[in-house]
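Q: So the sequence lines, in the order shown, correspond to chains A and B.
Read in order, the letters of the first sequence correspond to residues 1 to 226 in the working numbering.
Read in order, the letters of the second sequence correspond to residues 1 to 67 in the working numbering.
Bear in mind the hints are in silico, worked out from the structure with no lab data behind them.
If you're wondering where the values come from, they're calculated on a predicted model, not measured in any experiment.
Beta carbons are placed, not taken as given, at the ideal position from N, Cα and C, and that holds for glycine.
Please note that the accuracy of each hint is not assured.
Unchecked claim - Have a look at the derived ranges for each label pair, beta carbon to beta carbon: (1) A:Leu17 / B:Trp38: 17 to 23 Å; (2) A:Pro67 / B:Leu30: 39 to 45 Å; (3) A:Val20 / B:Met1: 20 to 26 Å; (4) A:Gly28 / B:Pro14: 35 to 41 Å; (5) A:His36 / B:Met1: 36 to 42 Å; (6) B:Met1 / A:Gly220: 58 to 64 Å; (7) B:Gly3 / A:Arg68: 52 to 58 Å.
Claimed, not checked - Think about it this way: if two alpha-carbon atoms lie no more than 25 Å apart in a straight line, the pair counts; the simulated SDA-like pairs of lysine to any residue are: (8) A:Lys72 / A:Val157; (9) A:Lys53 / A:Pro178; (10) B:Lys42 / A:Ala195; (11) B:Lys42 / A:Ile10; (12) A:Lys32 / B:Trp38; (13) A:Lys32 / B:Leu31; (14) B:Lys42 / A:Asp161; (15) B:Lys42 / A:Lys53; (16) B:Lys42 / A:Val157; (17) B:Lys16 / A:Val15; (18) A:Lys32 / B:Leu33; (19) B:Lys42 / A:Leu14; (20) B:Lys42 / A:Ala12; (21) B:Lys42 / A:Thr30; (22) A:Lys210 / A:Val157; (23) A:Lys210 / A:Thr51; (24) A:Lys32 / B:Val35; (25) A:Lys32 / B:Leu43; (26) A:Lys53 / A:Lys72.
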Amino acid sequence: MARGLGQLFITAGLVILLFVVYELWWTGFTTKRDQHRLITTLHQEWAHGVTIKDPPIGSAIALLRIPRFGPKYLFAIVEGTSTADLIKGPGHYPGTAMPGGLGNFAVAGHRTTYEHPFYSVNRLRSGDPIVLETAHRWLTYTVENIPGTDARYQEIVSPSDVSVTFPVPDQLDPAAAPTQRVLTFTSCNPRYSAAQRIVIHALLTDSQPKSAGLPAALDGYRIRGT
Amino acid sequence: MYGWIWRTLPGGIPGKLLGCAVLLFATLVLLFLVVFPWAGPKLPFNHVTIDTTPSPGPTATAPAVPD
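Please model the complete structure; the sequences and the hints are all you need to start from.
A: Listed below in structure tokens is the structure:
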């Protein structure tokens, strides 16, 4: 009897250890596989000139590069912020602006587990470029305080502070008419906790057609299809 | 529990070892492909979105009009 109980406890301990292995390592493996598929699909759509007006939930909408995180940093941003969407990669809040659009292009992403696309967002500093690749354009956002609003380039907020994703960020009125093109990242803070959210704001500072070559922020990058 | 499994598996020592390997593999597959993916999102430590539920609509914040 006592022996059976001991075996039960040891088994439970092993299962919990395996769960930690699953969360920290295996989830990255599955997300990498999903990302590979999403990026391939997006390149195929672009190559065939397919442009989708309202992208379905879970499909890739743009490619994200952040030079501060090195030239290997590449993620497909998917549409939607449900658990199932965020397992695949950083997710665009449906209903917020599309990439490069007037208003607020808001994106949530994992800071730990699932290949943790936003692991180091706390290292982003004012002036850092964030580059989006869409079907036809390069969009360069620059991390900075948003002029004319209370939105600082980095904020730690409560998990219910939805105003950071409003068209004019950090205003009380969700219907306020936007005049600027903003990008917002949200993730958990501190790492391995859900007590707060870390928020990064950036402003669109450059937009050029892909035919004009790589944007200045991606100097030295080698990119497929260019 | 493990003693009972060992005694129950047939086929002498080689058969018992093979049986153990199969059972271990099946358990790992069940945990990694079914149990852990179900349990993972239920834990709170990787919630990353700003919840939209408490968002007051434009009407909720409009000042009341006096009669």
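Q: Against the structure, test the hints numbered earlier, and report the numbers of the ones violated in rising order.
A: Hint check: 8, 15, 22, 26 fail, others pass.
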